Structures are given as C-alpha cells and as structure tokens.
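Q: If you want the building blocks of each chain, they are given just below.
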Amino acid sequence: QKEVEQDPGPLSVPEGAIVSLNCTYSNSAFQYFMWYRQYSRKGPELLMYTYSSGNKEDGRFTAQVDKSSKYISLFIRDSQPSDSATYLCAMRPPRAGSYQLTFGKGTKLSVIP
Amino acid sequence: DGGITQSPKYLFRKEGQNVTLSCEQNLNHDAMYWYRQDPGQGLRLIYYSQIVNDFQKGDIAEGYSVSREKKESFPLTVTSAQKNPTAFYLCASRMDRNSNQPQHFGDGTRLSIL
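First to last, the protein sequences are chains L and G.
The first sequence begins at 1 in the working numbering and counts up one residue at a time.
The second sequence begins at 1001 in the working numbering and counts up one residue at a time.
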C-alpha cells in the first residue's frame, strides 16, 4: 500500500460547481497536511496548510483533515476556469529530521466555462 | 520581490554530459530541497540541505550531486551516471530548519536528452 493515495483524475466540472479533492494515507504519524496547486509548466503553489484534524477555510477553499479515517480533503466552492490545474496533497510527521514531505501523485482538475 | 528562482527553464543534455541546474532564493530560508517530478508520479526528493555546507541524500540521489556554499544557492548537478534524467526538476525552500513552516517552490527546470 502506497503511503499517500490520490485519484489522478482527470476531473472535469462546470464553472460554479463545488469541487472535492481527496487523499488517503497510511502513516498515522502524519500530522501536517498541505495542498498545493500546480499550473502547467509551473512549480507547485501552497494553497492550504493544516495541522492535525479539523477544518481550515480560506476564501473559496476549505481543507479538511480526518485523522481517524486517514483522509484529507480540499473543497473548492464556486469553481472558476482559473482553478484548472493539478492539485497535490502533501503531508509529514511532526519535527521529522528533514521535514521531508510525502506527496500524492496529484489530481488534474478542469473547470469548464 | 522575494522568491525562488530556477534557471534555466529548459535544458538539454547530451549523452555523457553533466549539467547543472541553478536554484537561488532571496527569502533568507535556511532549508532547501531538490525534487524530481515525472508524469503520473508524485514529487520525489533528490537532496536536501538544512544549513550551509551541509546536505543529505533523499530517496533518489543516485546520479545527482549538490553543493551548499551559500545560504541563498543550492545548485543541482545531473551527472552522466543518471541514466534517465528527463524530468521536471523543482527546487523548494523553507524558512527555518527547526520550524513548522511549509515548503515553497520555484517554477522548475525541464531537462531533456538530446
């Protein structure tokens, strides 16, 4: 079983839809969780950064962490064509040496006008 | 503007040649990282450095080398020993080697074989 599983998509939604992106993981030591957005031919851009369980909201984006189920989600409300990108989840244990991140493979999202 | 600058954007390597990818940051970050990204795969860590003059191997260090002589610079050399170098290379940095601040990325260098 891979440490982090993420459905690669592609996921195609109409403009204005609510998008749900998800990752599951197997390492119960993970406590820091990140979502990055990556446009084509660009580097990943940090969207959300959360610690442990719970929700965090930033504008149209909400990150959820359910440590009991080892499941994290990113919700995008009122999706826009500019949200079309690949979304990467990443996570790590606390104060772990290199602070090395474990990444999902990314989900490619297309928002159709 | 503060940020992470990777150069060049595109690089071509001939067989048997070593090439060096540049990564510079003006964020005053202590830690720097190099990742490789291949289609359909997650980012894989090549090398990282938490402080000047010190660096550690990541998961896929074979065929690569790095140096960290200055805080703001962390160049990656792809040697001829790396038999499958075609990939998108990403550099990242993080503020403090002992903090919980997240990593931020540059815009990558795409390396191809001639």
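Hints listed in this document are in silico derivations from the structure and should not be mistaken for laboratory results.
Because the structure is a prediction, the values reported are computed rather than measured.
Be a bit skeptical, because a hint or two may be false.
Claimed, not checked - With a Cα cut of at most 30 Å, we get these calculated BS3-like pairs of lysine-lysine:
id: 1; chain 1: L; residue 1: Lys42; chain 2: G; residue 2: Lys1057
id: 2; chain 1: L; residue 1: Lys42; chain 2: L; residue 2: Lys56
id: 3; chain 1: G; residue 1: Lys1070; chain 2: G; residue 2: Lys1057
id: 4; chain 1: L; residue 1: Lys70; chain 2: L; residue 2: Lys56
id: 5; chain 1: L; residue 1: Lys108; chain 2: G; residue 2: Lys1071
id: 6; chain 1: L; residue 1: Lys67; chain 2: L; residue 2: Lys56
id: 7; chain 1: G; residue 1: Lys1083; chain 2: G; residue 2: Lys1014
id: 8; chain 1: L; residue 1: Lys42; chain 2: G; residue 2: Lys1014
id: 9; chain 1: L; residue 1: Lys42; chain 2: L; residue 2: Lys108
id: 10; chain 1: G; residue 1: Lys1083; chain 2: G; residue 2: Lys1057
id: 11; chain 1: L; residue 1: Lys42; chain 2: G; residue 2: Lys1083
id: 12; chain 1: G; residue 1: Lys1057; chain 2: G; residue 2: Lys1009
id: 13; chain 1: G; residue 1: Lys1083; chain 2: L; residue 2: Lys108
id: 14; chain 1: G; residue 1: Lys1014; chain 2: G; residue 2: Lys1057
id: 15; chain 1: L; residue 1: Lys108; chain 2: L; residue 2: Lys70
id: 16; chain 1: G; residue 1: Lys1071; chain 2: G; residue 2: Lys1057
id: 17; chain 1: L; residue 1: Lys42; chain 2: G; residue 2: Lys1009
id: 18; chain 1: G; residue 1: Lys1070; chain 2: G; residue 2: Lys1014
id: 19; chain 1: G; residue 1: Lys1070; chain 2: L; residue 2: Lys108
id: 20; chain 1: G; residue 1: Lys1009; chain 2: G; residue 2: Lys1070
id: 21; chain 1: L; residue 1: Lys108; chain 2: L; residue 2: Lys56
id: 22; chain 1: L; residue 1: Lys108; chain 2: L; residue 2: Lys67
id: 23; chain 1: G; residue 1: Lys1009; chain 2: G; residue 2: Lys1083
id: 24; chain 1: L; residue 1: Lys70; chain 2: G; residue 2: Lys1057
id: 25; chain 1: G; residue 1: Lys1071; chain 2: G; residue 2: Lys1009
id: 26; chain 1: G; residue 1: Lys1009; chain 2: L; residue 2: Lys108
Q: Quick check: which numbered hints come out false for this structure?
A: 5, 19
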